[in-house]
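Line order of the protein sequences matches chains A and B. Residues in the first sequence are numbered consecutively from 1, following our numbering. Residues in the second sequence are numbered consecutively from 1, following our numbering.
Do not rely on the hints blindly, as some may be mistaken.
In this list, chains with the same sequence are indistinguishable; a pair is considered to hold if it fits within one copy or across any two.
Computed cross-link-like contacts, EDC-like style, restricted to lysine to aspartate or glutamate with a CA-CA straight-line distance of at most 20 Å [what the hints assert, rightly or not]:
#1 Lys125 <-> Glu520
#2 Lys279 <-> Glu84
#3 Lys507 <-> Glu520
#4 Lys152 <-> Glu615
#5 Lys507 <-> Asp521
#6 Lys507 <-> Asp564
#7 Lys617 <-> Asp575
#8 Lys401 <-> Glu438
#9 Lys401 <-> Glu375
#10 Lys165 <-> Asp115
#11 Lys44 <-> Glu674
#12 Lys188 <-> Glu236
#13 Lys328 <-> Glu281
#14 Lys364 <-> Glu296
#15 Lys343 <-> Asp51
#16 Lys128 <-> Asp483
#17 Lys507 <-> Asp185
If you're looking for bench data, these hints aren't it; they were derived computationally from the structure. Treat the numbers as computed from the prediction; the structure is a model and nothing was measured.
Protein chains: 2
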Amino acid sequence: MRRSPYHSLFFVVAVLAATGVVTAQDLGTARRGLMPVPASVEWKVGRLSIDRTFTVALSGKTDERLRNYVFRVMRRLEGRTVLELSRGTLTEPANAALLIETASTGNAIPKLGDDESYKLEISDKQAKLTASTTVGAMRGLETVLQLLAGDKAGFYLPAVSINDKPRFPWRGLMIDSARHFQPMDVLKRNLDAMAAVKLNVLHWHLTEDQGFRVESKKLPELHQMGSDGNFYSQTEIREVIGYAADRGIRVMPEFDMPGHATAWVVSHPEIASAPGPYKIERRPGIFDPTLDPTNEKTYKLLEVFFKEMSSLFPDAYMHIGGDENEGKQWDANASIQAFMKQKGIKSNHELQTYFNTRILVFLKKNGKTMMGWDEIFQPSLPKEVVIHSWRGQKALAEAAKQGFAGVLSSGYYIDLMFPAREHYVVDPLPADTPLNAEEQKRVLGGEATMWSEWVSPDTIDSRIWPRTAAIAERLWSERNVNDVDDMYRRLGLVSIQLEELGLTHRKNRTMLLRRLVQGEDISGLQTLISLVEPVKQYRRYQQRPQTMLSPLTGLVDAAQADADGVLRFNQAVKDALDKNSSTRNLNEVRTLLANWREAARSLQPVMENSPSLFEAKQLANDLEILSAIGMEALSFIEAKSVPPNGWREEKLKNLTEIAKPKAALEFRVVESVEKLVEAAGGN
Amino acid sequence: MRRSPYHSLFFVVAVLAATGVVTAQDLGTARRGLMPVPASVEWKVGRLSIDRTFTVALSGKTDERLRNYVFRVMRRLEGRTVLELSRGTLTEPANAALLIETASTGNAIPKLGDDESYKLEISDKQAKLTASTTVGAMRGLETVLQLLAGDKAGFYLPAVSINDKPRFPWRGLMIDSARHFQPMDVLKRNLDAMAAVKLNVLHWHLTEDQGFRVESKKLPELHQMGSDGNFYSQTEIREVIGYAADRGIRVMPEFDMPGHATAWVVSHPEIASAPGPYKIERRPGIFDPTLDPTNEKTYKLLEVFFKEMSSLFPDAYMHIGGDENEGKQWDANASIQAFMKQKGIKSNHELQTYFNTRILVFLKKNGKTMMGWDEIFQPSLPKEVVIHSWRGQKALAEAAKQGFAGVLSSGYYIDLMFPAREHYVVDPLPADTPLNAEEQKRVLGGEATMWSEWVSPDTIDSRIWPRTAAIAERLWSERNVNDVDDMYRRLGLVSIQLEELGLTHRKNRTMLLRRLVQGEDISGLQTLISLVEPVKQYRRYQQRPQTMLSPLTGLVDAAQADADGVLRFNQAVKDALDKNSSTRNLNEVRTLLANWREAARSLQPVMENSPSLFEAKQLANDLEILSAIGMEALSFIEAKSVPPNGWREEKLKNLTEIAKPKAALEFRVVESVEKLVEAAGGN
């Protein structure tokens, strides 16, 4: 819970601009990539050249983890600079281009509240990174990589003084490995990416209606019957934990109960609240199978399970889910109803609390702190339980007021395909928080949640990245680091750097498009998907019913939440219609509209003969109509002539049709075309 | 050694065209992707629709390997069609869309000479695949996937009767995991790709001056001291062998000796021919360290090693390298010289044969057949030794004449960056072979060789694929399947299908370019690398000295052997200058030249500020000059005016400069621009 005195970048910029020490342009280049923005940055004059003589020295208390981290950072530097650098680290600090001083190694397995702060001083002669712990040094090394710049004179690090620490101690990414199993390499590359943007918790969602993904040696029938063979062996689990620890990242498992439990009761129908038998669920949604909280067999099994998992997972926190239990099986079960009556339990929520209280005993016995979704919240629970909020800041604040620590995920549901900006503005502790200082400390941070109904190993990176970097910044940087345009600018740079780590979020997009057309020429399709986005929220399934076994290789799977042609078109229209501008320029809009027409026309015959694209045929037609409407509007605007009666209404009606989603995709430029129509006038 | 009666596709096409049963267009769609071309194809009228009801039944003798193969084929079909298909196989043949009948399972671990033949009959009602063995069925399933087509009416398989078997029984890809270590996923995805084009041998180059990559439990110091920690554990080796066997692919290891042995003698300097000490070699090239063939310790160690490796690798063949031993250490070693004198050994070649004869004993004792590069050839060796020829068909034929079986790799050195067409025309048994029928049988096939001096896990796929598919066709299909244009057309399709298997040959190219410019806009760079190719042969190192530890992220690493803009420009110039054409059209050439200019101009400022691209700055300037020269020539041609005196000479001189490689890249369009200059006339 470290809240630093406010010292924002913007403040620094203002001061520097006033003193004129650093020109705006220098500053632009130098700070181009910092994401998350550090707590304090003071730009200086000068630069530290990076060439093949670049070396690193370690001093103070150091460990294997740090040496390996430095090794990997050097390889990434090599990849970017195409220079062969030293493979070892020096012991002579004075000779090193980068000197890293760590006072202690810190915890070998990261813990909540570990000191992640660091200082970075870069001058013409040396970069000096100082941290209390190995993990702090890791965070600083990522900043060093983001500072790398190049110009006519070569590569360099700009002179700077950075004093950085996180705003929140819990900065997570939840990966749902249950609905769609994600192989080891997916987890590893995403852990690398998390470290690159200074996230520190992998919340690993391991059991669901659709799959039981963790090997249990004590109860092997659980994973054997509940996973189609797609589970993580305990060796693999340990490998992930070790890989994460080497990057300063905690791994907290989630075993969702008492609902979301179908995969549990495939092998153990006797602990369900209805007789069964059960099969692994293939559909998305909320399902009835629920553990029976009145059956001692349930607790007997869970006691064994939690004991085993507690020794497998070293983290102090264990997530028991607890969400979306609709209690249908409970309502329908006479014996459960009798139990409730007998014990004076008045509601399903109370029954769930009874269940949680029983589970809590197992967790405590094994030294674990319980965490669960909003639904587990109940003032009578012991205060060490952590609330994970999908409901929002209000629910979180209410829990905090009652003494519970909490983590926010409402607003960070990256599976719902909202653009980065919408996540970016969600603050776990907004400026108007009703909490006092003591209560505010209970808000530990947040987690982006990658629910995996509609992601495959080929597409998951593109759903997580680069948007999660915006959430990472929200959780690390000060509240008033909130310039959306600047966030997008830096997000674009971070996105490319993430590719170094093997992330496929950029490169698999064109791969999917080539597969859809079974050809090299995807230019038309690229234009189209640069203007459409997948439908938001849970509308994809309504539009396009699929199961967990369906291929995720459609056009919607290649599309992304922040369609990259949208920003440009909307800006062009804004500029063109800006009444205050002396240089109203319609040319950029015209050029873009012409591109759309060309793309649409080239696409139509391709789509006619590509059955995998049949579902999207209407989108190509709509693209041509959008272009035509825009062009017509432009002509009226340019000629300053009034459109004929009814033109405006007809076009707006067309646009309403075009705005409707098709193939689970929707155009994100309709509003700007509407603006053109409105600007053309008429009635 | 199965040579079928000649029945080429071209013959079939001619007959069908004559009878008019199938239109040319239908045929084009239907056979668009078959690569390698089957031994016999008879197209029929009709189509088998593929929709979500598509099912597979297995009958006859079947095994787990085949069921798993079918499962994977179904997932690939799903990926392409975006249809969810059945996960199981049926037992009721009559109901299946695809019926697979296998007479036997064949060898669970593939062997040389396994029956890979299959028949495929597709009608409106059913596709029937018949094979003697599981591996034959695998080959047929890849053909089924290549037959998948789509049109307005949906996906389908065209009606056809295919009777297929390979021309050569040994169709391999050698991967050098020693110079640059390649992780497991690289091997796995390349095995998948090999199976897709019906290759059946992974020749695994595991020891080199630059690395000892196989775990030895008996002599662990070998991999511990010789690999920087980058080696395959025996568990991983078995995993690769199993993965390959599941795809009908043999795995033959190579342990290179007595030369190329630096990594051996890092831990065992006592068996080298000079005292040492030795360090893992980091440079490319041919090095002195050579095992001492006169030292009994050498044989003691190798006996242990070969015994262990023989039980680890089930394949009957074991490759001992034997290449490029220059004998410098032998010449300089008085004790070795004395040994030779004493034994009457007259040359280093004889000494190597002495060494080979001793090794042969170990291999034979463990049931292995020895294979080695040309250098091991010596008429006195027992006839079961297999010669692997990097020298060429003549050397191979000479060995065959003397009774030795052989495999060709000369002409298939894919690391040398020649275009696919150059490999495609190399035939292990050319039409004018001097061998008689008996001797011809000794030519077992060929292997593409991926030497790994300049490939990283990120770039290796782009060096192997898609070109190796052309070599795979040469080794599977009949000799007269040799239409280069048609090969390229099909190669383009296969290339995209290979991406389904996780191959990165296409998608990592743009990733590397984005890293080089640290930005999204790579259009200029894409134009440039579509016109240049990496220098051929061994000139890369001369141009651009690097070591095995250098980053392979430069522009040359993103470039490819068949630059994709070259074909189009050369064709455009050819069309434009075609004197017999009534519609000489200069527009296409002009458009392309204008693109070059635009790309060059946008690139220059980018390159000025991207230190990783400094080495390639001259290429952007050259591109602009190429464009200007081409444009000038066009003007003269169009105006039918004669260029001023000296213009032609000056431009040709410029072009000579431009043709010189820079940054290990060379323009492949200079010749066509020269043609334009010549066509403009003048003197």
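Hints the structure fails to honour: 1, 7, 11, 15, 16
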